[in-house]
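Given the sequences, and given the hints that come with them, work out the whole structure.
Here the protein sequences line up with chains A and B, keeping their order. So for the first sequence, my numbering puts the first residue at 1; every next one is plus one. So for the second sequence, my numbering puts the first residue at 1; every next one is plus one.
For lysine to aspartate or glutamate, the following EDC-like pairs were computed, each having C-alpha atoms within a straight-line distance of at most 16 Å:
no., chain 1, residue 1, chain 2, residue 2
1, A, K127, A, E86
2, B, K127, A, E86
3, A, K127, B, E86
4, A, K78, B, E119
5, B, K127, A, D87
Bear in mind the hints are in silico, worked out from the structure with no lab data behind them. None of these values were measured; they are calculated from a predicted model.
Protein chains: 2
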Amino acid sequence: MRNFKLTLCYDGSRYRGWQKQGNTPNTVQGKLETLLSRLLEQSVEVHGAGRTDAGVHARAQTVSFRADTSLDCGELLKALRAYLPEDIGALSLEEAAPNFHARLSAKEKTYIYRVWNSETPCVFERKYVYVFPSALDMDAMRRAAGLLCGRRDFAAFSTGKKREGRSVRTLRSISTERLGDEVRLTFTGDGFMYNQVRIMTGTLLEIGRGDRSPEDIERIFASASRAEAGFTAPARGLCLWSVEY
Amino acid sequence: MRNFKLTLCYDGSRYRGWQKQGNTPNTVQGKLETLLSRLLEQSVEVHGAGRTDAGVHARAQTVSFRADTSLDCGELLKALRAYLPEDIGALSLEEAAPNFHARLSAKEKTYIYRVWNSETPCVFERKYVYVFPSALDMDAMRRAAGLLCGRRDFAAFSTGKKREGRSVRTLRSISTERLGDEVRLTFTGDGFMYNQVRIMTGTLLEIGRGDRSPEDIERIFASASRAEAGFTAPARGLCLWSVEY
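Below, the structure is given as structure tokens:
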């Protein structure tokens with residue numbers, strides 16, 4: 001069995017997320033496994049670095065899979081490009097070390113959340129941004145972003161089941177930049193829980209709009225309660241940007 | 001009656017072009033006239049600077065219309081933004097001089113044609129580029145672009161009915177630039193005929209790929225025959241970029 005590392009991009013708009021779920025059709029993992037199994041005439045299971053939610057995009061999702069094949073990477077990449085739908089792109093394929101695993105070997109991931117902070121319509125990139133036209137205090141957002149970083153228990157910033165001590169992650173940096181009408185939030189850390197980036201984004205936007213103060217961040221951490229944090233920003237603005245190994 | 005100047009952008013993918021045609025639904029002009037007539041409670045006729053074809057986009061189409069209303073531009077712009085579909089954006093609205101006409105007053109238009117010149121998939125901007133992965137000789141394309149410019153009879157570079165002497169236009173410049181995997185062709189001139197930018201693009205791509213030489217341009221002009229020019233590049237790569245008055 002050879003081990004492969006595949007880099008994918010996708011427009012997540014019409015998918016129910018990365019991870020296949022029973023018989024749910026239209027997951028990126030499901031599409032890819034079906035295609036690889038057909039191309040390689042064997043059952044192929046793939047692992048993605050990040051389990052992106054329904055509607056979330058990926059600029060560079062890393063995927064690993066094992067297969068028994070004599071095809072070279074160039075041939076297999078060409079076949080993938082020929083058969084993947086136009087909203088999923090195979091960027092590169094290489095042979096990986098036998099113990100490489102896209103999720104377990106990942107050291108750090110970067111997600112970018114794109115906010116369209118203007119009344120001016122955003123037509124061409126409308127599927128990749130969240131429209132939030134309220135005036136934003138970028139300094140307050142920057143201060144709050146600084147308070148979110150570090151090795152912390154992010155229980156309050158995620159949804160779904162939690163177990164004591166299982167929600168500790170290291171968030172290395174959040175950069176907040178304005179690019180014309182867009183505000184771009186870049187999160188880099190060793191791992192993110194379910195909805196974590198979207199809840200952190202919603203919290204930062206509430207702080208930017210002045211509904212909360214940056215100092216709320218410590219109170220939210222202390223509460224360990226999802227209800228204390230901000231709203232969950234919509235999936236469409238979020239993109240898995242890169243994965244470091 | 002007041003006269004207005006509206007700047008619109010649109011993703012042309014799902015429209016049958018700018019110009020309304022009898023009862024054809026889904027033209028940008030048709031959508032806009034229906035909405036303005038409803039908002040202003042009177043029959044409104046709009047004029048666009050460029051009659052973009054089915055599937056062609058606009059970053060800044062200029063539109064003029066007359067109406068009898070006491071609404072201020074800010075209120076009307078807000079109403080347009082509230083009711084236009086998400087693939088048409090109202091960028092700005094201002095009151096214009098009584099004799100301003102979006103098409104007849106236009107001095108110059110710029111169209112950009114985006115070619116995705118790579119085997120690497122283009123997922124996020126797939127609706128706005130034409131995928132043409134063959135190697136391109138940019139120098140040959142630049143030489144040919146230079147030969148296309150000037151005050152010439154562009155009969156060979158357009159489709160549809162022509163009348164003697166009615167196909168003379170001034171093409172001021174064509175810039176050809178490579179931006180990573182993309183080749184971007186920018187055409188600026190005083191007017192363009194039906195399919196002219198797309199046929200010039202197809203001809204330049206055939207020259208870039210080495211199927212023709214730049215010197216073919218003179219032969220094509222001399223023939224005045226559409227059959228001598230290159231293929232019509234697909235609508236999706238074309239965008240009306242700006243209009244000068």
